[in-house]
Amino acid sequence: MIKSELVARLTNRYPHLYHRDVERIVSTVLDQITKALADGHRVELRGFGAFSVKVRPSRMGRNPRTGEPVSVDEKRAPFFRTGKELRERLNGKESVA
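Here the sequence shown is numbered in my numbering, starting from 1 and rising by one per residue.
For the record, the hints were derived by calculation from the structure and aren't laboratory data. Don't take every hint at face value.
Taking lysine-lysine pairs in the DSS-like style, the calculated list, with each CA pair at most 25 angstroms apart, reads [unchecked claim]:
1. Lys54 <-> Lys75
2. Lys54 <-> Lys93
3. Lys54 <-> Lys35
4. Lys35 <-> Lys75
5. Lys3 <-> Lys35
Let the hints inform the model, and build the full structure from the sequences given.
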């Protein structure tokens, strides 16, 4: 599902909300998650999961074409860990709560 599909589903589910307002809300939530991660914070959505940033250390890699060693710089990568409720729903065990 892409962002526009999420907005469309939410607009259909909550017809009393304007499409532009739902679009703003979704964009604001995603922007705040992005900003928190960029600032080095962890974002936890209980039952759904947690977003965090993992630091990948610099290393020596290989050019796949030539096989020549190449230095790969350190980088920060987003990481998502699923929450218990999400894992249970994905595996067919509906949560009682």
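Pair hint Lys54 and Lys35, alpha-carbon separation not exceeding 25 angstroms: 15 angstroms, holds
25 angstroms Cα cutoff - pair Lys54, Lys93: 30 angstroms, violated
Lys35 paired with Lys75 [C-alpha distance capped at 25 angstroms]: 17 angstroms, holds
Distance restraint between Lys3 and Lys35, which requires alpha-carbon spacing of 25 angstroms or less: Satisfied, since the Cα-Cα distance of roughly 18 angstroms is no more than 25 angstroms.
Lys54 paired with Lys75 [C-alpha distance capped at 25 angstroms]: Roughly 8 angstroms separates the two Cα atoms, so the pair holds.
In summary, the structure is inconsistent with hint 2 from the numbered list given earlier, while agreeing with all the others.
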